[in-house]
Amino acid sequence: MSELKLEKVANNGLINRRHLFGLGLAGIGTLASTSLFGATAGLNLEIPGWSKQPGPGASGYGARSRFTDDMQRLAGNPDPFYPGGGASRSPLHQLQGSITPNSLHFERHHAGIPDIDPAQHNLVIHGLVRNPLVFSYEDLLRYPMVSKIYFLECSGNSSTLFGSTPADGSVQSIHGLVSGAEWTGILLSTLLDEAGIRSGASWINAVGADAASMGRSIPLNRAMDDVMLALFQNGEPLRPSQGYPMRLFVPGCEGNISVKWLTQIKLTSEPSQFRDETSKYTDTREDRKSLQFTYPMGTKSTITSPSGQMKLGRQGIYQITGIAWSGHGNIRRVEVSADGGRTWADSMIESHQSVKALARFRIPWEWTGGNAVLQSRATDSHGNVQPTRMSLIAEKGNIGTYHFHGIQSWAVNAAGDVTNVYA
Amino acid sequence: MFTLKRIAVLSAIALGPLISLSVVGHAQSLGTSISESQLQSFDLIAPPDGSGYPEGSGTAVQGRDIFERRCAACHGMKGEGTSALTRLVGGDMQSEDLPIRTVGSFWPHASTLFDYVQRAMPADAPKSLSSSEVYQVIAYILNLNEIISNSQILNKETLMQVEMPNKDGFVDRSQAP
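Keeping their order, the protein sequence lines are chains C and B. Using the numbering used here, the first residue of the first sequence is number 1, and each one after it goes up by one. Using the numbering used here, the first residue of the second sequence is number 1001, and each one after it goes up by one.
Bound-form chain C, shown alone (with noise of 0.2 Å):
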């Protein structure tokens, strides 16, 4: 490793991300491979026994490795006081890429996952319309359809964080509520304008059908911009978790307001004024005023690996990692330090990224066995740059756990332990 000249592009490690490609690096991988790699060495290999029997075929439904089970979405101890309620969070850490797969989706319920036959649901658009219009899910697959990947988080992911003493956390139990997906469905407009929007019709009120009716008012604006009806997740319908046979998503925007089991959408006038934009998904500030209708989510980003509660288990390079995510446009840059926010480095930002979607970003450090703290800061389109926690928490106060999207750290010290930490 000495041999390679590897340009240091920022305090304490990190290696300009232009040596990800070609060079080869012998040390870096997942921090799984490193027990491996010593467990071998040495050894002379023989054929495996799987290479000498033929193998199951192929099966109408598939399964993940056997060896993969442990990756699990992380979820709560279900409360009697809140039957069906709770998130699950999805693995961060053990994930790759931009999109979640549909199992490792997170979820958050307010009351259960509805059993619902599509033939007897129906989707009603009323009020300020001119035709009032109830559709059914085989007439909705009959419309022009758009498939688009976006990110989707829960407005309370990361709230932990606006605590007085850090968490000993993963990413997945600190950050694990937000998830990429290709989204396929209705553009939402075209379901209202067949409706007729009426004058005087500025906000559109989202009712589903589990067993809370969930509602959420959306001002109209938004309603004919980009949000869709969506039928499909990476490809295949949704799945009940995520509200099939259909909801609403609304790209970028808290994951409250994409109600699930979408049955209902009245235009009116004034928004409901519902539970869950009231009394919760509300920022209560300093002046105890409180902050109603906050839907894009902030600009963020995250380090998935190395990340809490991790180990490194030898010296060398590795390839920090992370997603990045913005509710205002796209990820423009991913900046990574490991010197607690003393010196940046540029990250290596996946190309395919889209606008409102997960952005991959990899950058090699060298961890030579000293304590460091990583961090990463994203920037997006709009020139949006992700605040440090204790910035956020000037402006925003602490009070509110909603909105959380300020810079986050992992410490690493000498054994190799990697915590959160407020650095």
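Calculated from the structure, these hints are not laboratory results. Model, not experiment: these values are computed from the prediction. Do not rely on the hints blindly, as some may be mistaken.
Here are the simulated DSS-like cross-link-like pairs (lysine-lysine), alpha carbons at most 27 Å apart as the crow flies [what the hints assert, rightly or not]:
| id | chain 1 | residue 1 | chain 2 | residue 2 |
| --- | --- | --- | --- | --- |
| 1 | C | K8 | C | K311 |
| 2 | B | K1156 | B | K1127 |
| 3 | B | K1078 | C | K280 |
| 4 | B | K1078 | B | K1156 |
| 5 | B | K1167 | C | K52 |
| 6 | C | K289 | B | K1127 |
| 7 | B | K1167 | C | K280 |
| 8 | B | K1127 | C | K280 |
| 9 | B | K1167 | B | K1156 |
| 10 | B | K1127 | B | K1078 |
| 11 | B | K1078 | B | K1167 |
Interface residues of chain B toward chain C, partial, derived using beta-carbon atoms under 10 Å [said to hold, decoys possible]:
| id | residue |
| --- | --- |
| 12 | T1059 |
| 13 | S1083 |
| 14 | S1095 |
| 15 | F1106 |
| 16 | F1170 |
| 17 | R1173 |
| 18 | A1176 |
With the C-beta cut set under 10 Å, the calculated list includes, among others, these residues of chain B facing chain C [stated by the list, open to error]:
| id | residue |
| --- | --- |
| 19 | A1046 |
| 20 | P1108 |
| 21 | A1125 |
| 22 | S1149 |
Note that the Cβ used here is the ideal one computed from N, Cα and C, for glycine as well.
Please arrange chain B on chain C, whose structure you already have, making use of the hints.
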């Protein structure tokens, strides 16, 4: 050049058994007309402007029994809650400590209480209360918060006149960039 019709047919083929192969017109108009009167029992939206509320009425005195039977297991006998998340009563948005946010201290509209209880409560049996039971139980919650008297009758007219202590406590960010 693909016409919309041709695209739709190709989509139908690709989707296979999900949908039947259909000939689609040049402009999609597949919704079926429905009248507002057909949606009366379907539309539960109960907004601050007073539209869409059902008949029925209730007082706090009437609501106490329902509350104790159907709500208290989670929310406590006097709305004190079994956790911070289930507390309904008390709190002060102007307290020096972190404010405790309840129906009484935080919720800006009485209408939201009707709307939410009608659509989502009790959590173990949503939509199992009659309209009068909803008026009664929310009257009891408002009375526990000393916002209305225990004999005040709530119905679709009087509910709109209830002023919540934190009615001016919110800032609309819906048009922020």
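Verification of the hints:
Restraint check: the Cα-Cα separation between C:K8 and C:K311 comes to about 23 Å, which is no more than 27 Å; the hinted pair holds. For the given pair, B:K1156 sits about 18 Å from B:K1127 by alpha-carbon distance, which is consistent with the 27 Å threshold. For the given pair, B:K1078 sits about 22 Å from C:K280 by alpha-carbon distance, which is consistent with the 27 Å threshold. At roughly 25 Å between alpha-carbon atoms, B:K1078 and B:K1156 fall within 27 Å of each other, so this suggested pair holds.
Restraint check for B:K1167 and C:K52: not satisfied, since their Cα atoms lie roughly 74 Å apart, outside the 27 Å limit. Under the criterion of a C-alpha separation no larger than 27 Å, the hint pairing C:K289 with B:K1127 is inconsistent with the structure, at around 32 Å. A distance of roughly 15 Å separates the Cα atoms of B:K1167 and C:K280; the hinted pair therefore holds under the 27 Å criterion. A hinted pair counts as satisfied when its Cα atoms are at most 27 Å apart, and B:K1127 with C:K280 qualifies at roughly 21 Å.
Taking the CA atoms of B:K1167 and B:K1156, the gap is about 19 Å. The hint holds against a cut of 27 Å. Note on B:K1127 and B:K1078: the hinted pairing holds, with a Cα-Cα distance of about 22 Å set against a maximum of 27 Å. Proximity of B:K1078 to B:K1167 is assessed by CA-CA distance (about 23 Å); at most 27 Å being required, the pair is judged to hold. At about 23 Å, the closest approach between the beta carbon of B:T1059 and any beta carbon in chain C exceeds 10 Å, and the interface hint on this residue is violated.
Hint status for B:S1083 relative to chain C: holds, with the closest Cβ pair at about 7 Å, below 10 Å. Hint status for B:S1095: holds, given a least beta-carbon distance of 9 Å to chain C, under 10 Å. Given hint, B:F1106 at the interface with chain C, holds; its Cβ is 6 Å from that chain's nearest Cβ, closer than 10 Å. Annotation: interface hint on B:F1170 holds; nearest CB of chain C at approximately 4 Å, less than 10 Å.
Hint status for B:R1173 relative to chain C: holds, with the closest Cβ pair at about 5 Å, below 10 Å. Using the Cβ-Cβ criterion of 10 Å, the hint placing B:A1176 at the interface with chain C is satisfied: the shortest such distance is roughly 7 Å. The beta carbon of B:A1046 is positioned within 10 Å of a beta carbon in chain C (closest approach about 8 Å), and the interface hint is therefore held. About 6 Å separates the beta-carbon of B:P1108 from the nearest beta-carbon of chain C, less than 10 Å, and the hint is met.
This hint holds: B:A1125 has a C-beta 9 Å from the nearest C-beta of chain C, less than the 10 Å allowed. About 24 Å separates the beta-carbon of B:S1149 from the nearest beta-carbon of chain C, more than 10 Å, and the hint is not met.
Comparing the model with each numbered hint stated earlier shows that hints 5, 6, 12, 22 do not hold.
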